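A.B. asks: In case you want the letters, here they are:
4 protein chains.
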Amino acid sequence: MSGEKLKVAIVGSTGYGGVELIRFLLGHPEVEITSVISSSSSGLPITDGFPHLSEIVLQNLEAVDPQAIAEKADVVFTATPSGVSGKLVPELLAAGLKVIDLSGDFRIKDGAVYETWYKHEAPAAELLEQAIYGLAELNGDAVKGSEFISNPGCYPTATLLGLIPALDAGWIDPKSIIIDAKSGVSGAGRGTSLMTHYAEINENLKVYKVNKHQHIPEVEQCLSQIAGEPVTVTFTTHLVPMTRGIMTTMYAGLIGTHTEAELVELYRHYYEGRPFVRVREAGKWPATKEVFGSNYCDIGFAVDERTGRLTIVSVIDNVVKGAAGQAIQNLNLMMGWDETTGLLLSPVYP
Amino acid sequence: MSGEKLKVAIVGSTGYGGVELIRFLLGHPEVEITSVISSSSSGLPITDGFPHLSEIVLQNLEAVDPQAIAEKADVVFTATPSGVSGKLVPELLAAGLKVIDLSGDFRIKDGAVYETWYKHEAPAAELLEQAIYGLAELNGDAVKGSEFISNPGCYPTATLLGLIPALDAGWIDPKSIIIDAKSGVSGAGRGTSLMTHYAEINENLKVYKVNKHQHIPEVEQCLSQIAGEPVTVTFTTHLVPMTRGIMTTMYAGLIGTHTEAELVELYRHYYEGRPFVRVREAGKWPATKEVFGSNYCDIGFAVDERTGRLTIVSVIDNVVKGAAGQAIQNLNLMMGWDETTGLLLSPVYP
Amino acid sequence: MSGEKLKVAIVGSTGYGGVELIRFLLGHPEVEITSVISSSSSGLPITDGFPHLSEIVLQNLEAVDPQAIAEKADVVFTATPSGVSGKLVPELLAAGLKVIDLSGDFRIKDGAVYETWYKHEAPAAELLEQAIYGLAELNGDAVKGSEFISNPGCYPTATLLGLIPALDAGWIDPKSIIIDAKSGVSGAGRGTSLMTHYAEINENLKVYKVNKHQHIPEVEQCLSQIAGEPVTVTFTTHLVPMTRGIMTTMYAGLIGTHTEAELVELYRHYYEGRPFVRVREAGKWPATKEVFGSNYCDIGFAVDERTGRLTIVSVIDNVVKGAAGQAIQNLNLMMGWDETTGLLLSPVYP
Amino acid sequence: MSGEKLKVAIVGSTGYGGVELIRFLLGHPEVEITSVISSSSSGLPITDGFPHLSEIVLQNLEAVDPQAIAEKADVVFTATPSGVSGKLVPELLAAGLKVIDLSGDFRIKDGAVYETWYKHEAPAAELLEQAIYGLAELNGDAVKGSEFISNPGCYPTATLLGLIPALDAGWIDPKSIIIDAKSGVSGAGRGTSLMTHYAEINENLKVYKVNKHQHIPEVEQCLSQIAGEPVTVTFTTHLVPMTRGIMTTMYAGLIGTHTEAELVELYRHYYEGRPFVRVREAGKWPATKEVFGSNYCDIGFAVDERTGRLTIVSVIDNVVKGAAGQAIQNLNLMMGWDETTGLLLSPVYP
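Chains as they are written, first to last, in my numbering: chain Y, 33 to 382; chain L, 33 to 382; chain E, 33 to 382; chain U, 33 to 382.
Derived from the structure by calculation, the hints contain no laboratory data. In this text the structure is predicted, and so the values were computed from the model without any measurement. It cannot be assumed that every hint is accurate.
Identical chains blur together in the list; that is why a pair holds if it fits in one copy or across any two.
As the list claims (entries may be wrong) - Derived pair list, reagent style SDA-like, types lysine to any residue, alpha-carbon separation capped at 25 angstroms: (1) K104 / V145; (2) K207 / G340; (3) K244 / G340; (4) K39 / Q91; (5) K207 / E64.
Please model the entire structure based on the sequences and the hints provided.
C.D. replies: Structure below.
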């Protein structure tokens with residue numbers, strides 16, 4: 033490697049995804065953060081809002097100015113809300129930047145589907161076409177050398193990594209898939225609301241957006257591609273009183289007879305050479321804390337012979353593998369570096 | 033009512049179910065607690081282990097002695113572990129006591145099924161026959177005047193109240209039922225373990241006993257009875273980092289076309305006159321905190337037209353409606369009192 | 033008692049203090065809630081914002097109109113913010129209502145001191161004079177028969193009940209008092225903020241308003257009155273990741289030699305006939321959960337012979353004894369009822 | 033640096049301190065972990081008990097055998113309980129190993145004092161003499177080149193770093209020091225107990241070991257050395273419902289007049305070149321989450337002109353700066369490496 037580091041900028045540095053990008057990129061040996069950018073707080077030290085970065089990040093926040101960003105950086109991460117990215121990313125690309133977008137704006141290839149679920153106008157079709165869906169374990173080859181990545185959503189990451197090998201092998205019925213998803217509260221971001229007010233969600237378990245979550249078309253688009261036929265899923269999202277972590281518990285009818293040990297083997301083979309997916313041995317289940325603060329996705333299985341169904345459990349840290357970590361994994365692939373560069377932090381336990 | 037109060041004893045007073053019985057019975061206008069009983073701590077003040085009862089419960093704990101209990105009490109609650117109740121309850125009945133048993137020992141009518149799931153010997157068949165399964169909203173009439181109640185499990189209570197009306201109406205396919213259940217940690221009781229060690233389960237979400245939980249045959253027995261055919265369910269249990277609360281998210285294929293509003297109407301009609309089930313209006317979901325500390329079971333629905341599936345969410349406080357509160361509801365029915373006597377405490381919020 | 037119930041109204045029904053008043057008043061045998069009032073949500077069902085009250089409270093919220101309130105109620109609780117009560121309460125009194133005010137507006141007798149700490153104009157001096165400071169265990173006699181009560185703050189309640197007997201006995205040096213106070217997050221109310229955003233305060237311990245909390249002059253005013261000389265305290269407030277509960281850990285230099293057993297005796301004697309203060313035996317400490325959901329204040333002591341200091345720990349549920357519960361205790365005293373009427377709910381444990 | 037890595041072993045690898053050593057040492061560029069050792073689980077994969085290390089740590093746990101350890105390692109960390117280290121460390125030293133001991137056994141120089149507080153026999157006096165007390169910011173020079181380090185306790189680390197500069201400058205009265213300490217539950221270790229049972233400590237705040245905690249003599253020994261006179265402190269420990277984090281809130285009488293800004297300057301000067309202490313600017317307070325997962329100690333101040341007292345707040349992550357992180361900081365100093373090697377992980381936020 034050359035002595036020169038890659039210059040990266042982060043738009044949306046004052047969200048949870050943004051500060052997590054900073055945490056990992058500070059330890060990334062090939063990268064230098066040249067700008068931390070926030071539309072809401074430009075000119076202020078980032079430590080005003082995030083004192084945990086005191087004496088670590090000395091830069092002030094900058095305004096969102098594509099030309100200025102392009103002068104200082106080669107790659108930009110956009111950890112901006114849906115609707116904002118859709119407008120900003122084309123300008124960043126036009127300014128000559130490589131872009132890794134963490135919003136949902138470029139994940140859905142069909143603009144009409146996007147508009148149905150996201151309730152605002154879709155980006156231009158050629159941009160949707162151009163964006164590589166950065167589920168690294170599936171599309172890693174396409175990510176290599178690309179210049180514009182659409183980083184997957186948190187729920188889809190956990191869901192797809194849990195379902196794809198079995199679906200791809202034809203071991204589960206694509207018409208039977210039910211996904212019961214649970215997320216920690218940081219998934220709702222840093223904007224305050226009654227739903228995320230401590231006294232309302234502590235010691236509470238809530239269900240929300242049943243069958244209406246905007247991550248559903250993202251899951252279905254990818255599963256349909258794997259299955260070679262349209263796949264529609266039942267998808268429930270819950271809010272769990274913890275800060276980080278997603279668990280998706282997935283149910284599907286088994287096609288044929290397969291033991292748990294065979295599933296372990298199938299999955300381990302599918303994810304061979306993909307260091308961030310850890311398939312637990314038969315009879316063992318992952319818990320969200322076992323991936324806390326790390327880029328791992330851990331998966332376990334149960335075959336229910338009584339009902340002929342398969343239960344798959346997949347866990348990630350929503351802020352890492354579900355956002356910032358996977359974005360850096362995509363950066364590594366884009367740049368031709370080892371996929372794990374800067375990402376090999378162990379889970380924080382307990 | 034007469035001036036004389038009913039004398040009740042509580043075996044297992046040093047478990048969470050036991051102290052919750054005490055909390056409610058202290059405010060019950062028709063009842064007097066004459067003995068608090070614990071095999072492990074007899075002779076000690078209950079406040080040694082539960083200082084929250086200081087200056088409230090002045091009695092010392094007593095040993096488990098059926099004759100002595102029968103001399104002081106008319107009715108006994110056995111909040112004892114499975115395996116213990118199976119041996120103790122026959123002696124209490126023989127001593128002339130009415131019994132409300134909170135263990136799982138008398139819930140499964142088929143001793144062989146019990147032994148498969150509970151891994152120890154079943155009670156005698158005639159006792160299993162004699163025990164009335166005290167799901168008050170279903171079997172309230174049978175409970176009236178009976179002398180021996182087997183109080184339902186926490187997961188089955190939330191599950192069955194959520195499924196029965198739709199199954200009974202023939203609106204859901206009995207072969208399609210999947211139950212994704214989540215519980216607070218108090219459900220594991222007061223015995224210490226690594227699983228319930230604070231630093232292990234705080235900020236964590238775990239899955240356990242997938243398709244193996246001993247509450248499964250209890251759910252299936254009751255659903256089979258409603259459906260008039262054998263029902264087998266897929267049943268997953270999760271441990272959520274909160275103290276109290278159960279949410280069961282249930283999935284089933286819809287038979288025919290039914291709107292959410294029709295489901296609300298069906299359920300409200302089914303539970304008419306049953307004050308502890310609250311069916312939310314269409315589009316609203318219950319959360320566990322909304323029943324915290326109370327005997328309510330709250331239920332909501334979503335019909336997914338895309339997949340033809342119905343999602344039902346049911347919440348209870350596992351220590352109240354899932355244990356002590358339902359046991360007192362059964363006492364009220366047994367004694368011919370109003371079902372709500374002593375139980376109309378509002379949820380504690382926030 | 034007469035068959036007719038006392039009619040009460042609650043202004044500020046959509047705050048945590050307001051809904052806790054409702055929880056307790058629903059079970060109060062002498063009281064009927066005739067109006068639930070909210071400036072922000074009038075016309076809506078209270079269950080829109082608080083679905084835990086579904087099928088329990090059927091009334092819609094009403095607007096704040098003193099004349100209308102006076103037509104329907106005899107007594108009004110004002111669970112309104114500081115600054116709002118100061119303006120509203122005079123109108124309610126003028127309309128002929130008895131008032132129990134839960135804000136800080138009438139607690140400080142010296143308007144200039146109020147303005148220094150609260151940063152807005154004090155109410156008229158004659159109203160400050162008229163308001164009885166409703167620390168029931170201290171001023172119970174003055175509360176009896178009065179028509180206007182200023183209910184104590186949450187921190188002052190825990191602090192004063194913990195300090196008064198020792199200070200009154202001359203056992204501690206009034207110049208040496210340090211108060212290290214910790215509160216659950218519900219104390220900050222239902223208004224959303226970054227400070228109370230779940231992902232910010234979960235798994236976190238914060239310190240705030242050091243030596244600047246507006247409860248300091250309230251504590252000092254009362255301690256000065258007991259000591260017969262001006263008392264100034266060092267007072268630190270912390271935010272603890274839990275919903276309910278206050279613990280104040282207090283330090284003072286001992287005057288003379290006193291054992292822990294003597295302190296227990298002193299306090300039990302001081303609080304004789306005051307059922308909501310529970311003094312733990314020597315060597316035992318209270319925890320906040322041991323008063324959760326109840327009106328108790330539990331107190332423990334340690335004498336440190338090495339340093340000659342006394343450590344006092346006092347715990348309350350901030351929403352109950354620190355707000356709604358104490359307000360009802362004051363209502364009971366005002367009306368000449370038993371102090372405990374409607375308040376004898378045991379702590380919810382676990 | 034040479035290409036050869038330092039070989040280290042960890043005794044007590046199945047405690048929280050042990051796995052945290054592993055987390056940091058895996059990313060330490062100069063170190064190789066050659067043995068993970070546990071008396072209780074030798075022969076088993078460490079991932080049996082800590083599945084978060086799946087595919088990261090492949091070694092099996094080994095038995096405690098000083099000779100075998102010395103054959104494979106140069107330095108050993110003993111994250112063993114007090115009483116165990118006292119016996120084991122002499123054998124490890126005798127086998128030629130450098131030792132960094134995380135227990136309390138070698139912190140107290142006076143064996144009699146040790147025995148008073150720890151309730152078992154002290155190690156031999158010459159070993160107590162030989163052990164360097166590894167509070168790196170105070171004793172860094174002595175640590176360099178030493179072979180046996182006694183790593184400070186978690187409470188003493190936060191306390192001493194917060195008090196030493198002011199005491200050393202003569203700005204606070206050594207007779208007036210009061211320490212109100214709060215810890216997350218992981219500080220109690222992985223052994224299960226009712227005190228750390230989730231349902232008992234969640235949504236609870238407890239006080240324990242008031243004036244009796246075994247860390248008191250450690251604090252006093254060091255403060256006495258700084259003050260040049262015997263210092264006795266009042267010290268209260270609380271258990272807070274969170275996994276990680278210690279906050280010590282400290283009170284002392286100010287000598288002379290000093291502003292908050294002067295204190296900031298004093299502390300920043302004292303800790304110049306000590307990268308892990310971050311002194312907040314005047315008027316800002318640290319929170320425990322702002323150091324979560326990192327080796328930082330953050331400090332803030334308030335001068336109370338009304339009482340003439342200084343309030344100091346110091347926060348650390350008890351598992352990192354209070355245990356494993358500081359131990360590695362000591363290793364770095366011992367070996368002549370940069371103090372921060374392998375330790376520059378940012379706090380995990382949120």
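A.B. asks: All hints are to be evaluated individually against the structure, with a verdict given for each.
C.D. replies: Right, here's what the structure says about each hint:
no.: 1; hint: K104 / V145; in the structure: neither (36 angstroms within a copy, 55 angstroms between copies)
no.: 2; hint: K207 / G340; in the structure: both (14 angstroms within a copy, 11 angstroms between copies)
no.: 3; hint: K244 / G340; in the structure: between (28 angstroms within a copy, 15 angstroms between copies)
no.: 4; hint: K39 / Q91; in the structure: within (14 angstroms within a copy, 38 angstroms between copies)
no.: 5; hint: K207 / E64; in the structure: neither (46 angstroms within a copy, 50 angstroms between copies)
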